[in-house]
Amino acid sequence: MAEDLVLDTAIRDWVLIPLSVVMVLIGILRYFVSKLMRSSQTPDAKIVKEGQIVVRARNLRAAANFIPAKSFRSRRAYYSNEENGLLHVPKGQAQNPQAQMFSDPNMAMDMMKKNLSMIIPQTLTFAWVNFFFSGFVAAKIPFPLTQRFRSMLQNGIDLSSVDVSYVSSRSWYFLNLFGLRGLFSLILGEENATDDTQRMMQMSGFGMDPSKSLGAEKDSLDILQHEWALPKFEQRAEAVLRKLIK
Amino acid sequence: MVGASEEVELNRLENQVDNGGGGVWEYLCLVRKLKVRRSDKVLKHGLSILNDSKKRSKLGGEEWTLYEQVAVAAIDCQCLDVAKDCIKALQKQFPESRRVGRLEGMLLEAKGLWADAEKAYSSLLEDNPLDQVIHKRKISMAKAQGNVSAAIEGLNKYLDIYMADHDAWRELAEIYVSLQLYRQAAFCYEELILSQPTVPLHHLAYADVLYTLGGVENLQIAKKYYAATIDLTGGKNTRALYGICLCTIALGQLTKGRNKEDKESSELHSLAATALGKDYKYRAPDKVSLLTATLGNLKLS
Numbered sequence: 001m002a003e004d005l006v007l008d009t010a011i012r013d014w015v016l017i018p019l020s021v022v023m024v025l026i027g028i029l030r031y032f033v034s035k036l037m038r039s040s041q042t043p044d045a046k047i048v049k050e051g052q053i054v055v056r057a058r059n060l061r062a063a064a065n066f067i068p069a070k071s072f073r074s075r076r077a078y079y080s081n082e083e084n085g086l087l088h089v090p091k092g093q094a095q096n097p098q099a100q101m102f103s104d105p106n107m108a109m110d111m112m113k114k115n116l117s118m119i120i121p122q123t124l125t126f127a128w129v130n131f132f133f134s135g136f137v138a139a140k141i142p143f144p145l146t147q148r149f150r151s152m153l154q155n156g157i158d159l160s161s162v163d164v165s166y167v168s169s170r171s172w173y174f175l176n177l178f179g180l181r182g183l184f185s186l187i188l189g190e191e192n193a194t195d196d197t198q199r200m201m202q203m204s205g206f207g208m209d210p211s212k213s214l215g216a217e218k219d220s221l222d223i224l225q226h227e228w229a230l231p232k233f234e235q236r237a238e239a240v241l242r243k244l245i246k
Numbered sequence: 001m002v003g004a005s006e007e008v009e010l011n012r013l014e015n016q017v018d019n020g021g022g023g024v025w026e027y028l029c030l031v032r033k034l035k036v037r038r039s040d041k042v043l044k045h046g047l048s049i050l051n052d053s054k055k056r057s058k059l060g061g062e063e064w065t066l067y068e069q070v071a072v073a074a075i076d077c078q079c080l081d082v083a084k085d086c087i088k089a090l091q092k093q094f095p096e097s098r099r100v101g102r103l104e105g106m107l108l109e110a111k112g113l114w115a116d117a118e119k120a121y122s123s124l125l126e127d128n129p130l131d132q133v134i135h136k137r138k139i140s141m142a143k144a145q146g147n148v149s150a151a152i153e154g155l156n157k158y159l160d161i162y163m164a165d166h167d168a169w170r171e172l173a174e175i176y177v178s179l180q181l182y183r184q185a186a187f188c189y190e191e192l193i194l195s196q197p198t199v200p201l202h203h204l205a206y207a208d209v210l211y212t213l214g215g216v217e218n219l220q221i222a223k224k225y226y227a228a229t230i231d232l233t234g235g236k237n238t239r240a241l242y243g244i245c246l247c248t249i250a251l252g253q254l255t256k257g258r259n260k261e262d263k264e265s266s267e268l269h270s271l272a273a274t275a276l277g278k279d280y281k282y283r284a285p286d287k288v289s290l291l292t293a294t295l296g297n298l299k300l301s
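Protein chains in written order, with UniProt numbering: chain C, 1 to 246; chain F, 1 to 301.
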């Protein structure tokens with residue numbers, strides 16, 4: 001119903017392509033900057049130990065039936081007794097990650113560095129795009145879309161009469177921001193392509209609490225029923241040997 | 001652990017490389033990946049690449065990995081000059097690296113300069129107190145010097161933090177066995193069974209230790225673990241078959257007079273004996289007479 005808009009080729013040459021190129025260049029630049037700022041953090045002995053305890057307790061839980069009952073009981077007591085068991089976390093000592101973050105300036109510093117390398121270039125480019133390219137209809141996608149996509153594709157243009165398949169310059173910026181991951185992984189190597197969406201996920205997953213996994217492991221160990229599997233093996237061995245002799 | 005198919009591949013490549021058929025780099029990569037110890041071959045073929053600047057530059061960044069591999073192999077073969085050259089080249093490239101520092105420590109070890117090596121490792125540990133490899137090197141150094149108690153102490157300290165490291169548990173178990181501290185060894189083998197319940201060798205070693213400890217209860221448990229070994233290996237393990245026989249005999253001696261459990265166990269014992277006989281006939285026919293004599297003796301005594 002709406003008649004086609006004719007886009008000036010100058011828009012393509014001076015808005016669409018420069019915007020994409022700049023986004024790519026900024027992505028690469030940011031990769032190198034964050035590589036420079038990355039500090040190799042040395043893990044804390046306590047955290048390493050907790051991880052190892054969890055692994056060992058999990059092994060015990062999985063293969064408990066392979067060791068004699070006496071050995072199992074002594075191990076369980078060693079892990080989960082209330083005084084000094086390995087898995088027992090004294091109340092109050094289980095600090096939440098937020099408090100831990102504040103007590104450890106290094107961690108906060110790390111987060112800040114990550115944030116700096118992410119937020120500052122983003123704000124700057126957004127301001128830049130807003131200043132120079134606001135209000136352009138920069139491109140047209142070759143298929144029709146429903147009205148719901150208007151806010152996604154025509155950010156910055158408040159005209160309801162324009163067909164939704166036209167993309168505004170600001171939306172083109174957003175599309176580039178989130179859509180260039182494949183290109184980065186091509187340029188920078190597979191594992192180096194950390195785009196913003198992924199980083200945000202990492203941030204939200206930050207608050208993992210090791211003491212919680214210790215407690216969970218302790219609980220599941222406490223309710224475990226030990227049933228020695230070895231007596232069965234004697235019969236199985238007999239069967240194996242019978243087969244072998246035949 | 002090297003799987004059967006990987007070993008076949010490795011031997012095939014080694015054969016090919018030995019006969020000058022190319023594929024040297026692939027062979028070296030496989031050796032590195034499987035962590036097998038073929039130092040003489042690695043030294044010979046690795047050097048042939050390193051001495052050829054054209055081949056070397058073709059590797060790109062992998063060149064340094066090769067330098068490290070050859071250095072370790074050379075240390076193992078006591079070609080200390082080669083090792084020194086490799087380490088020097090690495091040090092030029094990575095002046096501050098801890099990994100190169102470790103190689104230097106190993107070179108000092110190979111020269112027998114224990115005190116210097118100890119010092120080198122300690123300074124490396126100051127940088128990064130959680131470096132597992134250096135902890136292990138220190139322990140193996142103590143063992144190499146014959147200072148077994150220090151090795152045990154080091155291993156215990158190491159396992160206090162890295163308690164999921166089953167190789168360390170195995171090392172500790174073997175040291176305990178060598179010192180005849182069987183109870184401690186049994187604990188370590190239990191730990192190994194827990195972390196790798198399908199490896200028959202751990203079951204077998206645990207059974208050996210229990211058998212050595214003796215006593216009715218331990219013998220009964222040992223027999224069960226020999227049975228587990230038989231089950232896991234499909235009856236191919238001669239040691240486990242012998243173990244069953246010996247356990248049954250020992251149990252029979254101990255419980256003489258109150259033979260209530262004899263009935264159910266005798267079958268496994270005779271089956272194991274038959275399986276042994278069959279195996280000997282197949283693989284070492286000239287020793288069958290020895291076997292029958294031994295088994296006969298066991299029954300008599």
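In short, the hints are calculated from the structure, not lab data.
We put the beta carbon where it would ideally sit given N, CA and C, even for glycine.
Worth double-checking, as some hints may not be accurate.
[Stated by the list, open to error] Lysine to any residue pairs mimicking SDA-like chemistry, simulated, CA-CA at most 20 Å apart:
(1) F:LYS111 x F:GLY146
(2) C:LYS49 x F:TYR282
(3) F:LYS35 x F:ASP52
(4) C:LYS49 x F:ASP165
(5) C:LYS243 x F:TYR282
(6) F:LYS281 x F:THR292
(7) C:LYS49 x F:MET163
(8) C:LYS232 x F:GLN220
[Said to hold, decoys possible] Using C-beta positions, here's what the derived DEER-type ranges look like:
(9) F:GLN16 x C:ASN115: 27 to 33 Å
(10) C:PHE149 x F:LEU130: 38 to 44 Å
(11) F:ARG12 x C:ALA62: 32 to 38 Å
(12) F:GLN145 x C:GLY215: 39 to 45 Å
(13) C:GLY135 x F:PHE94: 51 to 57 Å
(14) F:VAL36 x C:LYS243: 47 to 53 Å
(15) C:MET37 x F:ARG12: 53 to 59 Å
(16) F:LEU130 x C:TYR78: 19 to 25 Å
(17) F:ASN147 x C:MET111: 32 to 38 Å
(18) F:GLY112 x C:LYS243: 50 to 56 Å
(19) C:MET111 x F:ASP40: 47 to 53 Å
(20) F:GLN16 x C:ALA62: 37 to 43 Å
(21) C:TYR78 x F:LEU80: 15 to 21 Å
(22) F:GLY23 x C:PHE178: 29 to 35 Å
[Stated by the list, open to error] For the chain C half of the interface with chain F, some residues (derived, Cβ under 10 Å), not all of them:
(23) LEU5
(24) ALA45
(25) VAL55
(26) ARG56
(27) PRO68
(28) SER71
(29) PHE143
(30) SER160
(31) VAL162
(32) LEU224
(33) TRP228
(34) ARG236
(35) ARG242
(36) LEU244
Here is how each hint holds up against the structure:
| no. | hint | verdict |
| --- | --- | --- |
| 1 | F:LYS111 x F:GLY146 | holds (16 Å) |
| 2 | C:LYS49 x F:TYR282 | violated (51 Å) |
| 3 | F:LYS35 x F:ASP52 | violated (25 Å) |
| 4 | C:LYS49 x F:ASP165 | holds (11 Å) |
| 5 | C:LYS243 x F:TYR282 | holds (16 Å) |
| 6 | F:LYS281 x F:THR292 | holds (11 Å) |
| 7 | C:LYS49 x F:MET163 | holds (8 Å) |
| 8 | C:LYS232 x F:GLN220 | holds (13 Å) |
| 9 | F:GLN16 x C:ASN115: 27 to 33 Å | violated (54 Å) |
| 10 | C:PHE149 x F:LEU130: 38 to 44 Å | violated (51 Å) |
| 11 | F:ARG12 x C:ALA62: 32 to 38 Å | holds (36 Å) |
| 12 | F:GLN145 x C:GLY215: 39 to 45 Å | holds (43 Å) |
| 13 | C:GLY135 x F:PHE94: 51 to 57 Å | holds (53 Å) |
| 14 | F:VAL36 x C:LYS243: 47 to 53 Å | violated (33 Å) |
| 15 | C:MET37 x F:ARG12: 53 to 59 Å | violated (47 Å) |
| 16 | F:LEU130 x C:TYR78: 19 to 25 Å | holds (23 Å) |
| 17 | F:ASN147 x C:MET111: 32 to 38 Å | violated (46 Å) |
| 18 | F:GLY112 x C:LYS243: 50 to 56 Å | holds (54 Å) |
| 19 | C:MET111 x F:ASP40: 47 to 53 Å | holds (51 Å) |
| 20 | F:GLN16 x C:ALA62: 37 to 43 Å | holds (41 Å) |
| 21 | C:TYR78 x F:LEU80: 15 to 21 Å | violated (46 Å) |
| 22 | F:GLY23 x C:PHE178: 29 to 35 Å | violated (45 Å) |
| 23 | LEU5 | violated (51 Å) |
| 24 | ALA45 | holds (6 Å) |
| 25 | VAL55 | holds (4 Å) |
| 26 | ARG56 | holds (5 Å) |
| 27 | PRO68 | holds (6 Å) |
| 28 | SER71 | holds (5 Å) |
| 29 | PHE143 | violated (45 Å) |
| 30 | SER160 | violated (57 Å) |
| 31 | VAL162 | violated (52 Å) |
| 32 | LEU224 | violated (13 Å) |
| 33 | TRP228 | holds (9 Å) |
| 34 | ARG236 | holds (5 Å) |
| 35 | ARG242 | holds (6 Å) |
| 36 | LEU244 | holds (4 Å) |
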